[in-house]
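Here the protein sequences line up with chains X and H, keeping their order.
Note that the working numbering has the first sequence beginning at 3, numbered continuously upward.
Note that the working numbering has the second sequence beginning at 3, numbered continuously upward.
Heads up, a few of these hints could be off.
Since the list gives no way to pick one copy over another, a pair counts as held whenever it fits inside one copy or between any two copies.
Lysine to aspartate or glutamate pairs mimicking DMTMM-like chemistry, simulated, CA-CA at most 25 angstroms apart [as the list claims (entries may be wrong)]:
hint	residue 1	residue 2
1	Lys226	Asp30
2	Lys11	Asp45
3	Lys401	Glu351
4	Lys11	Glu41
5	Lys12	Glu61
6	Lys209	Asp231
7	Lys477	Glu344
8	Lys314	Glu62
9	Lys477	Glu103
10	Lys460	Glu253
11	Lys226	Glu41
12	Lys226	Asp438
13	Lys226	Asp82
14	Lys65	Asp82
15	Lys11	Glu107
16	Lys65	Glu125
17	Lys136	Glu103
18	Lys137	Glu366
19	Lys460	Glu41
Simulated from the structure, these hints should not be mistaken for laboratory data.
None of the values given here were measured: they were computed from a predicted structure.
2 protein chains.
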Amino acid sequence: MQPQLDQLKKILNEVADLSAATSVLSWDQQTYMPEGGSEDRGDALATLSGLAHTRFTSEEVGKLLDDLSTGIDQLNPDSDEARLIKVTRHNYEKNTRVPSEKVAEFARVTTVAQSVWARARAENNYALFMPHLKKIIELRQEYAGLFTPYDHIYDPLLDDYEPGLKTADVQAIFNVLRPQQVALLQAIHERPQVNDNFLRQKFDEEKQWHFGVDVITRFGYDWKRGRQDRSAHPFTIAFGTGDVRITTRFEPEYGGSALFSTMHECGHALYEQGVNPAYRRTPLSGGASMAIHESQSRLWENLVGRSLPFWKYFYPKFQRTFPEILGNVDLMTFYKGINKVEPSFIRTESDEATYNLHIMLRLELEIALIEGSLDVKDLPEAWNERMHEYLGITPPNNKVGVLQDVHWAGGMFGYFPTYALGNLVSVQLWECIQRDLPNLDDQLARGEFSQLLAWLRKNVHVYGSKYEPQELVQKITGSRINPQPYIRYLQTKYGEIYQL
Amino acid sequence: MQPQLDQLKKILNEVADLSAATSVLSWDQQTYMPEGGSEDRGDALATLSGLAHTRFTSEEVGKLLDDLSTGIDQLNPDSDEARLIKVTRHNYEKNTRVPSEKVAEFARVTTVAQSVWARARAENNYALFMPHLKKIIELRQEYAGLFTPYDHIYDPLLDDYEPGLKTADVQAIFNVLRPQQVALLQAIHERPQVNDNFLRQKFDEEKQWHFGVDVITRFGYDWKRGRQDRSAHPFTIAFGTGDVRITTRFEPEYGGSALFSTMHECGHALYEQGVNPAYRRTPLSGGASMAIHESQSRLWENLVGRSLPFWKYFYPKFQRTFPEILGNVDLMTFYKGINKVEPSFIRTESDEATYNLHIMLRLELEIALIEGSLDVKDLPEAWNERMHEYLGITPPNNKVGVLQDVHWAGGMFGYFPTYALGNLVSVQLWECIQRDLPNLDDQLARGEFSQLLAWLRKNVHVYGSKYEPQELVQKITGSRINPQPYIRYLQTKYGEIYQL
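Put together the whole structure using the sequences plus the hints.
Laid out in structure tokens, this is it:
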């Protein structure tokens, strides 16, 4: 079967090259491209994606996979080769099941929907967006229908972001998590509140930039295999393990914005930089799933970057960097400030104690939309009711409510839960790390991250997408994705901050 | 024939998209890519080029061109459609005549040769490079042989850079030009020399950058359709007419370096920004040839940027920008300084009066190498003899002699003459512009370039590569490429500066 495997790899290499080229064009589009480049860039991106799709979904690939499926039993099922064939087969099935007219229609409909959504949000006009959302839901239902039999119609959508994960699994996890987070939030609400006014002012951007660079350099971000630029929305993008770039942005009215964003993106980037180089130009490169990726970004952003040990080391430097602002703010006041809990209408501005509630609300609604048990016309009301139930606040308008995120306009049903799952996984891993590195807090308090990074490299990063997310979490932690560690973490952390 | 034409355009659009993507990857490689990205970038570039080549040289394209060749007689031969078919046919012939093993072999041999050349130059070791050069010449001879019958074996090589131009044409032009430039140089040599010591010091880079930006903004460079970055070697690159980027660099010991480089690249970029947008994503986009492109860069760099009227406007600003350096240097001293004539060993450092001599020397040698009348082992001696004959100086070593340029190591036989032809064309155009805009000098002296740019847009830029270079020059100036205007220009300009 070696000749077939070699030929398959050759094609996968070409597809990976096209995908890397697409990523370079996309990075450039979001960082440096002048506005005049839009039209040609759109055409070039469409051509590259089309060629990659055509090449990957060719009959030749199907034939090679069929030939290889007979020989796969002779391989160790845990070998890179067997896994490469398995992952490729999974992607091939998903990509070939959809007629190309449908792929094109979905691209067309979501492109229009995104620009209508932007206007609808600006004008606080849900009715404008509603028919587009309705059409997208129909198309997603139709898409899911191509993958019957399934346990739940949402399964094929979820699988696009979390291979192998089932709707029932996620619901079971969230049903345990939700009441605990709601109860915690109520308990916090009854305690004296934290002051973070000192953060809500202008911090010099140049200094923020350099501070962030210093921090992630200590984390272990390899600047010979990456760089940081500015963009409207921060992101991480990999063109292979040798070139993994991040971006950041500055919010004029919040001092920590660029720093936490930089640490977050660095977490994603360390993952990509750490994938086994032997997987380059194959589907095994890159992260295992969105949730596993998010576990890495949130681990560095929150479990490291919002922890007291981290700031024991970095706060004196941060204070010296912004003496006029922080000269009279002591470490504990600062630490509490950056961890202030406050229900917000906006997901992207929410803290660790409330973030998952935003996600659970969205997941419940999108499952109901896809199931057909919720009509799009009733969506804003359902949104606002749940906001009140989970977070105790009611959006004054749809702009800061149901219209706030681009995901549904982009057709990305199945994406939202990965944010919350990433949070859960980050703490599951963290408990293992604390067991394996008993003096981890001391290391963080000395600004030392090399053992932490080495642990992640060895246990998570190196595997790329060889394993499905549940498999990987099981392999590392001994259990599947599980909300208990995260609940414990929140209770301990906020128990101390709010003296619960 | 419309369906065939539409299908041909569809394929050409895809090929253009792949080529634009290649250019974005290449721009990134030369500006921002971290060193770790090299390996994957090399693979991605090879895949994109390969796909573009395969798509363009497919039998389908050949069939479409054959079908269209029967209908082309019904088209106006000067119509965009007829020209598109003609240009495409020409490119198709050139690309399909070469077996793909030969394309790959040439890429391999020149890749190795370029790295050997870099070492040979560093070590002043021509013998190290010689066998590689010998092999490249053999491959170029073999390549030329695929295009028999020809008038001269160098014709097919020249045609790669200057479609339709013949070796005999270039030789005839240069045979007139050379003795005149040699005589001028001798006359200058006998006069008191110009002092430019004030330029040979460190000028603040930030200030140089901003001055250059101000100048080209006035030229009419459209920043909404372009940007400037830094790179080791300045270049211009277009991803379509809507995104045409330039780069610049700073030499530590010469004040004007970045400014003249910026004006030069801006000249290339104005050309690309001015091509008819209807030609986008087809072979009619981009410049007509290397020489026509160079005519645009040299026009803005030299005929504008080294002229007295230009500096009448800009010198007071330049002086205010660098008051410590230029406070006591008056306009005429400065003007003479930037136009100092001084035979140099190095082509890229040479002035307007000597530059073409460097080119003619190279052209004569490369024709002799390709003809087989000069053996590679005798090349350094032939180089040094001609340097003495034309420029009156003898290189002390091969490092600053025959090993100075990368072109031969890259297999770019046929490229050198385009630099000198560009100079000639720039002045042919300039004479027409002076006729059409009689108060051009006054405009330049007021910092006004809009009429000049409009003239170039209308007469040169808009046509893209619809016409072959000789055709285009004939159409605009009424004669083919001709050395007399350039000779007149040099005699007048340096007659004044050196009081000949």
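Between copies, within a copy, both or neither: which fits Lys136 and Glu103 at Cα up to 25 angstroms? within (19 angstroms within a copy, 54 angstroms between copies)
At 25 angstroms max between alpha carbons, let me know whether Lys11 reaches Glu41 within a copy, between copies, both or neither. Between. Shortest inter-copy distance 17 angstroms satisfies the 25 angstroms Cα cut-off; intra-copy 33 angstroms does not.
Taking 25 angstroms as the upper bound on the Cα-Cα distance, should Lys226 and Asp82 be classified as within, between, both, or neither? neither (27 angstroms within a copy, 48 angstroms between copies)
When no copy is specified for Lys314 and Glu62, does a C-alpha distance of 25 angstroms or less occur within a copy, between copies, both, or neither? Neither, since 58 angstroms and 68 angstroms both go past 25 angstroms.
Is it within, between, both, or neither for Lys226 and Asp438, if the alpha carbons may be no more than 25 angstroms apart? Close neither inside one copy (30 angstroms) nor across copies (54 angstroms); limit 25 angstroms.
Homomeric proximity label, Lys477 with Glu344: Cα distance no greater than 25 angstroms: Neither: 36 angstroms inside a chain and 72 angstroms across chains, both beyond 25 angstroms.
Classify it for me, Lys401 with Glu351: is the Cα-Cα distance of at most 25 angstroms met within a copy, between copies, both or neither? within (15 angstroms within a copy, 61 angstroms between copies)
Checking an output row: Lys226 and Glu41, CA cutoff 25 angstroms. Within, between, both or neither? between (32 angstroms within a copy, 13 angstroms between copies)
Status of Glu61 relative to Lys12 across identical chains (alpha carbons, at most 25 angstroms): both (15 angstroms within a copy, 23 angstroms between copies)
Can you tell me if Lys460 and Glu41 fall within 25 angstroms by alpha carbon in one copy, between copies, both or neither? Classified as between: cross-chain Cα gap 24 angstroms, same-chain 43 angstroms, threshold 25 angstroms.
Which holds for Lys460 with Glu253 at a C-alpha limit of 25 angstroms: within a copy, between copies, both or neither? Neither, since 35 angstroms and 46 angstroms both go past 25 angstroms.
If the cut is 25 angstroms between Cα atoms, do Lys477 and Glu103 qualify within a copy, between copies, both or neither? Neither way: Lys477 and Glu103 sit 40 angstroms apart in one copy and 48 angstroms across, limit 25 angstroms.
Figure legend: structure checked against the earlier numbered hints; hints not met, in rising order: 7, 8, 9, 10, 12, 13, 16.
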